[in-house]
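**Student:** Add chains B and C to chain A, keeping to what the hints say.
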Amino acid sequence: MSEQKKKTNIILFSGDYDKAMAAYIIANGAAAYDHDVTIFHTFWGLNALRKDQQVPVKKGFLEKMFGKMMPRGADKMGLSKMNFAGIGPKMIKHVIKKHNAMPLPQLIEMAKEQDIKLVACQMTVDLLGLSKEELMDGIEYAGVAAYLADAEEGNVNLFI
Amino acid sequence: MSEQKKKTNIILFSGDYDKAMAAYIIANGAAAYDHDVTIFHTFWGLNALRKDQQVPVKKGFLEKMFGKMMPRGADKMGLSKMNFAGIGPKMIKHVIKKHNAMPLPQLIEMAKEQDIKLVACQMTVDLLGLSKEELMDGIEYAGVAAYLADAEEGNVNLFI
Amino acid sequence: MSEQKKKTNIILFSGDYDKAMAAYIIANGAAAYDHDVTIFHTFWGLNALRKDQQVPVKKGFLEKMFGKMMPRGADKMGLSKMNFAGIGPKMIKHVIKKHNAMPLPQLIEMAKEQDIKLVACQMTVDLLGLSKEELMDGIEYAGVAAYLADAEEGNVNLFI
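Chains as they are written, first to last, in the working numbering: chain A, 284 to 443; chain B, 284 to 443; chain C, 284 to 443.
Simulated from the structure, these hints should not be mistaken for laboratory data. Any given hint could be a false lead.
Repeated chains share a single entry, so a pair holds when one copy, or any two copies, can fit it.
As the list claims (entries may be wrong) - Pairs of lysine-lysine, DSBU-like flavour, derived with a Cα cap of 30 Å:
#1 347 with 400
#2 395 with 359
#3 341 with 364
#4 373 with 341
#5 380 with 364
#6 381 with 342
#7 289 with 351
#8 380 with 342
#9 380 with 289
#10 400 with 289
#11 341 with 381
#12 334 with 415
#13 290 with 341
#14 347 with 381
#15 341 with 376
#16 359 with 289
#17 415 with 395
#18 400 with 342
All of these numbers come straight from a predicted model, not from anything done at the bench.
Chain A extracted, bound-state conformation (with noise of 0.2 Å):
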């Protein structure tokens, strides 16, 4: 007799704070309003999933190249528009301040308070040679497939 919940499946491809804001605001109004809810991290969106401080792994020079060349998690991530060099992002955490919005990192908690299924792809965490020690502990390694049997249920799907 009990209804099946309904399902919201966001790929976070991109690695801009602002995107990154959306997906999770999507995701947490989404967890309130009883969906089940995952986020699979592809690509640039990795990068949110990252520790900020260094941690020291062995790496090939390549895999090297783009540990340094990415941002180290939500809070070091650029704006999509208006980047200006850092600048950007920096005005927008003010003003987030000042409207008494959540920073990303926040959005980010308050996910995992709510159990929202945080997926990191494997596929392209191999690709820029990512390491399991570099990112948040308590998220899932998974692939398309995993993904597809998620979204195929799925009442809110977005690529963001």
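**Tutor:** Same frame as chain A, but now just chains B and C:
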């Protein structure tokens, strides 16, 4: 006996002319096929709803900065690719005219005539320091809860 | 008695190598899970369908400009992030090879073999001045109406 209308819900996050064109073409198409259609404008997508003239509003410093740096209305938006300091948009508008396609401001007018619901995300309106006087008349203001209420019944949900 | 097949419909708007990779990986995955899959290429996404050799076609000035400035085929596309004047794509292709992942041109070949419907948006083909001789054989040409007919029955609809 009446069947429910199909629903198309588009989040327009992007402030690019070409992406907004895609959003409005899909929206107008869906409305012509008798869908209930909503475009939820957030972040840079709000610029498509800005009036093209300057509206005198009292603002703080950062809000004034955002207001100055962001394009005033659909016609002033740039391209996501090959923008070349504004030459790209001119090229695109030229070929749009040549092929009797519709430029973005006309697509937005058409959307209004087809009763497509144009929504401005209240939270990002506040963050970017926009005021209702600066945005088109006849639009709605809402948040993620309203978006999800539409989207969870949606047949076509897109994030652009 | 037969159950209808699930449907995945992807709009590929982006002309970036990494985003097109994501689109084709999801599409190939969905086809492997027996979905009916369509990739609708519009705007810069059309470049993924271009032949890599130059095809002699008579064109107007703007169309020639677009033709020259846009990448000829999947292998020549840039990255959405960290493109660094073409070094980024080389790095990505290197790690793709290293990890035995599939580069984009191969993913497109696989899509054809799996009978994924590859569609070029007629309107943007016209706007960008592309001709059928310049695009791959065996693709379809259609507009927003055909897209919506597929998408309104879709289980997974994405805009990439």
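**Student:** Taking the hints in turn, state whether each one holds.
**Tutor:** Evaluated hints:
no.	hint	result
1	347 with 400	within (28 Å within a copy, 39 Å between copies)
2	395 with 359	within (20 Å within a copy, 39 Å between copies)
3	341 with 364	between (34 Å within a copy, 24 Å between copies)
4	373 with 341	between (33 Å within a copy, 22 Å between copies)
5	380 with 364	both (20 Å within a copy, 28 Å between copies)
6	381 with 342	between (41 Å within a copy, 13 Å between copies)
7	289 with 351	neither (39 Å within a copy, 41 Å between copies)
8	380 with 342	between (38 Å within a copy, 17 Å between copies)
9	380 with 289	neither (32 Å within a copy, 39 Å between copies)
10	400 with 289	both (14 Å within a copy, 24 Å between copies)
11	341 with 381	between (42 Å within a copy, 17 Å between copies)
12	334 with 415	within (10 Å within a copy, 40 Å between copies)
13	290 with 341	neither (39 Å within a copy, 42 Å between copies)
14	347 with 381	between (37 Å within a copy, 15 Å between copies)
15	341 with 376	between (34 Å within a copy, 21 Å between copies)
16	359 with 289	neither (33 Å within a copy, 39 Å between copies)
17	415 with 395	within (18 Å within a copy, 35 Å between copies)
18	400 with 342	within (28 Å within a copy, 40 Å between copies)
Hints 7, 9, 13 and 16 from the earlier list are contradicted by this structure; the remaining hints agree with it.
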